[in-house]
Amino acid sequence: MAIKKFMYLNRRSSFGTVYAIESLEVVLVAAAFDQDVSLAFIDDGVYQIIEGQNTNGIGMKNFSKTFHALGDYEINKLYVSAESLEERGLSADDLMPLVYEDEDDNWVEKSSVKVVSNAEISKIMSKQDVCFSF
Amino acid sequence: MKISIQINEGPYQHQASDTAYQFAKAAIERGHEIFRVFFYHDGVNNASRFTIPPQDDRNIVNQWAELGIKNANGEPELVVCVAAALRRGILDESEAIKNGIDCNNIHPAFRISGLGQLIEAGIQSDRLVVFGD
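Residue numbers (the numbering used here), protein chains in the order written: chain A, 1 to 134; chain B, 1 to 133.
Any given hint could turn out to be false.
With a Cα cut of at most 30 angstroms, we get these calculated DSS-like pairs of lysine-lysine [what the hints assert, rightly or not]: (1) LYS123(A) - LYS2(B); (2) LYS4(A) - LYS2(B); (3) LYS77(A) - LYS114(A); (4) LYS98(B) - LYS5(A); (5) LYS2(B) - LYS127(A); (6) LYS4(A) - LYS98(B); (7) LYS70(B) - LYS5(A); (8) LYS65(A) - LYS123(A); (9) LYS2(B) - LYS77(A); (10) LYS70(B) - LYS61(A).
Per the computed footprint, the stretches of chain A lying under chain B, defined by three or more beta-carbons under 8 angstroms from a beta-carbon of chain B, are [said to hold, decoys possible]: (11) 41 to 50; (12) 121 to 133.
With beta-carbon atoms standing in for the labels, derived distance ranges [claimed, not checked]: (13) GLU86(A) - GLU95(B): 41 to 49 angstroms; (14) SER94(B) - HIS68(A): 48 to 56 angstroms; (15) ASN59(B) - LYS65(A): 40 to 48 angstroms; (16) ASP72(A) - LYS2(B): 27 to 35 angstroms.
No wet-lab data here; the hints were simulated from the structure.
Don't be surprised by glycine CBs; every beta carbon is placed ideally from N, CA and C.
Model the full assembly from the supplied sequences, consistent with the hints where possible.
Here it is, written out as structure tokens:
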């Protein structure tokens, strides 16, 4: 089967609506299809990968730890909007340290997260075959 | 062109399913193929045969059913995500039995399947069009 470029555009925060967790469920299923997968976090979507999420007070499942598993599925292109971070008083230091082991580079651990401009994300989007928007 | 559609919102609450239906209908009339329509998030509620709108309103579920989107084997290609459906109380016969529920509510023009069907639709189709917020 042909390999296509799939992008998952995450635009909403983790718990206000169901979109974030159900998007992650699609990404995990997609991993089994050996496609070229990347994720983008824009607008409130940047909150999905903030370090130190705690859902004890709201009775909902804290699924943020699942993002750490993505590297093991060779999903290691996570683009975060610099503008969206800045608008929310956040920086790259507030994000979870999501990593993968690079099999082409002696399994060196590398960061999966790239903070890039919206213009850059738009360029990357234009090169995709399929964009899912959540 | 081979087109697949993803619908992320429930009927009546949101226009996504109506717009997707108009799009699918127009595409078929123009000679395009709708490979699959995949219902996700609250979109799974579009598959309930228990839907009863007032008589002067459109019946969104029946509209989809009447489009008759099927594959070469005659199976419906109106596909409802199983995890999203079970969370929201949309069941077919086998899920109802498996979970000890006394009835099911999926419309026979739809079928329940996994998220892999969405990815496969993205791979197989020339375009995947997402409707929802």
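Practice task
Run the structure past the numbered hints and jot down the numbers of the failing ones, going up.
Solution key: 4, 6, 10, 11, 14
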